[in-house]
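**Q** Note that the protein sequences, when read in sequence, are chains A and B. For any residue, its number in our numbering is found by taking its place in the first sequence, counting from 1, and adding 21. For any residue, its number in our numbering is found by taking its place in the second sequence, counting from 1, and adding 109.
Treat the hints as calculated values from the structure; they're not laboratory data. Heads up, a few of these hints could be off.
So the derived list for chain A, only partly shown, Cβ under 7 Å to chain B, looks like this [unchecked claim]:
# : residue
1 : PRO60
2 : MET62
3 : LEU111
4 : GLU124
5 : GLN125
6 : PRO129
7 : GLY130
Short derived list, chain A residues pointing at chain B, Cβ under 7 Å [unchecked claim]:
#  : residue
8  : ASP59
9  : PHE127
10 : GLY128
11 : LEU133
List of simulated lysine to aspartate or glutamate pairs, DMTMM-like, C-alpha gap at most 25 Å [unchecked claim]:
#  : chain 1 : residue 1 : chain 2 : residue 2
12 : B       : LYS217    : A       : GLU116
13 : B       : LYS186    : A       : GLU116
14 : B       : LYS177    : A       : GLU124
15 : B       : LYS209    : A       : GLU63
16 : B       : LYS165    : A       : GLU77
17 : B       : LYS165    : A       : ASP59
18 : B       : LYS186    : A       : GLU77
19 : B       : LYS209    : B       : ASP193
20 : B       : LYS177    : A       : ASP59
21 : B       : LYS217    : A       : GLU124
C-beta atoms are modelled at their ideal positions from N, C-alpha and C, and glycine is treated no differently.
Take a look at the letters that make up each chain.
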Amino acid sequence: EADIYQTPRYLVIGTGKKITLECSQTMGHDKMYWYQQDPGMELHLIHYSYGVNSTEKGDLSSESTVSRIRTEHFPLTLESARPSHTSQYLCASSEYGGKSSYEQYFGPGTRLTVT
Amino acid sequence: GDSVTQMEGPVTLSEEAFLTINCTYTATGYPSLFWYVQYPGEGLQLLLKATKADDKGSNKGFEATYRKETTSFHLEKGSVQVSDSAVYFCALRLEYNFNKFYFGSGTKLNVKP
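If we strip away everything but chain B, and leave its shape as in the complex, we get (with noise of 0.2 Å):
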């Protein structure tokens, strides 16, 4: 079936480190995909997102690109802050029913000074 799977965590890194958090997708057809970020004691925040095989999104340093053959998106930073340490999860909206949205499990980041 449909679903999204990402890497455990937590990941602890140290302040300006790179960043990788893997996310892999099982769907028919394209579905759109998205990062969320969820700091403590908040709601979810839409960080990024993609709609179509090999677009690339984008906000405050992270990047993900859609790789339709690898079905995967990988999130990315360059230079990790402290301010990042969050929760990110990854998700899908289906193309055949878009009212239909899949989350991972999340991974929890944290950066040390």
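Bound conformation, chain A alone (with noise of 0.2 Å):
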């Protein structure tokens, strides 16, 4: 079973805080992932990290910004929320390597609303 973790599950915050949402796995996977999914479901990929002190951003352009310090760990940040952030966050896991079936691990999720 896979172990990586989010928290908080849900959070309902003002405009303008600062907020970070955590991810955390206990796999050793280097790679890890940021999605968020909007209310019809699809996943946008918004960062992605190869390793310790490697971050990129994904396809779907987002003000967060994350950060990679430890491999277990990889926190999402908004400098100040705003309600177009409202939405489901995915942290996802992946070992880094040449073979091709490694799956990505998901999270629970962190379902996020700013008022």
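Each chain sits in its own coordinate frame; assemble them with the hints.
**A** What follows is the structure, encoded as structure tokens:
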């Protein structure tokens, strides 16, 4: 069973607040990802990391930032939350390497509501 | 470019009906193919996978066969249950850029008792 955790599971916060969504995995995976999931269920990659001190922006432009100081930890930060940031945020990880069958493992998600 | 296309939902079936959710892909080489399932309020869980042409992935009564000739990976189940109600995502991982995943837009399945 995959061990990837996200906190908080639900967050309601006012406009302009700074927030950090936490993601941790205990599988030793090098690659980690953040997805934003819209109400229509489609997943949009917003950030990914190949390993410690490596972060890249994904396919969907996002005002959030990420950091990767430890292998197991990949937090996402919004400096000033806006109602347009209201969404479900999913963290995932996978092994890094040449085996193409390596799947992504997902956390349970954080549902963010900005009022 | 590389992509995954799956049938739009929602799909509504009665319990014990046969399920097919279509998935086709565009990719160079031989990607690995996956089906994920997302239950309400949860993250995605891997349902099954196939890594080469003609492979059949199976789990919990669900099956999908990797068809290179039609670039398809359709999900099937012979008899659905109410507990199968969820959103299903088809995904691929490229052969040559194996750290890149592409997800379909998801298909919501509603199973009525």
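**Q** With a cut-off of 25 Å on the C-alpha distance, tell me whether B/LYS217 and A/GLU116 pass.
**A** Violated. B/LYS217 to A/GLU116 sits at ~28 Å, over the 25 Å cutoff.
**Q** Under the criterion that the straight-line Cα-Cα distance not exceed 25 Å, is the pair B/LYS209, A/GLU63 satisfied?
**A** 17 Å, holds
**Q** Has the given pair, B/LYS217 with A/GLU124, been kept, meaning a C-alpha gap of at most 25 Å?
**A** 22 Å, holds
**Q** Classify the hint on A/MET62 as holds or violated, based on whether any CB of chain B lies nearer than 7 Å to its CB.
**A** Constraint on A/MET62 satisfied, holds at 4 Å.
**Q** Given the hint that B/LYS177 pairs with A/ASP59, test it: the Cα-Cα distance must not exceed 25 Å.
**A** Distance ~31 Å between B/LYS177 and A/ASP59 Cα, so the pair is violated.
**Q** Under 7 Å, Cβ to Cβ, is where A/PHE127 needs to be relative to chain B, so tell me if that hint holds or is violated.
**A** 4 Å, holds
**Q** So, A/PRO129 near chain B? Judge it on the closest CB pair being under 7 Å.
**A** Where the cut-off is 7 Å and the nearest Cβ of chain B is about 5 Å from A/PRO129, the hint holds.
**Q** Closer than 7 Å between Cβ atoms is the bar; does A/GLY128 clear it against chain B? Give me holds or violated.
**A** 5 Å, holds
**Q** Should the interface hint for A/GLU124 be scored as holding, given a Cβ-Cβ cut-off of 7 Å against chain B?
**A** 5 Å, holds
**Q** Keeping to a limit of 25 Å between CA atoms, is the pair of B/LYS186 and A/GLU77 held or broken?
**A** Cα-Cα ~38 Å, so violated.
**Q** Going straight from one Cα to the other, do B/LYS165 and A/ASP59 come out at no more than 25 Å?
**A** Answer violated: B/LYS165 to A/ASP59 is near 31 Å, above 25 Å.
**Q** CA of B/LYS177 to CA of A/GLU124, is that 25 Å or under?
**A** Holds, at roughly 20 Å.
Hint violations for this structure: numbers 1, 8, 11, 12, 13, 16, 17, 18, 19 and 20, all remaining hints satisfied.
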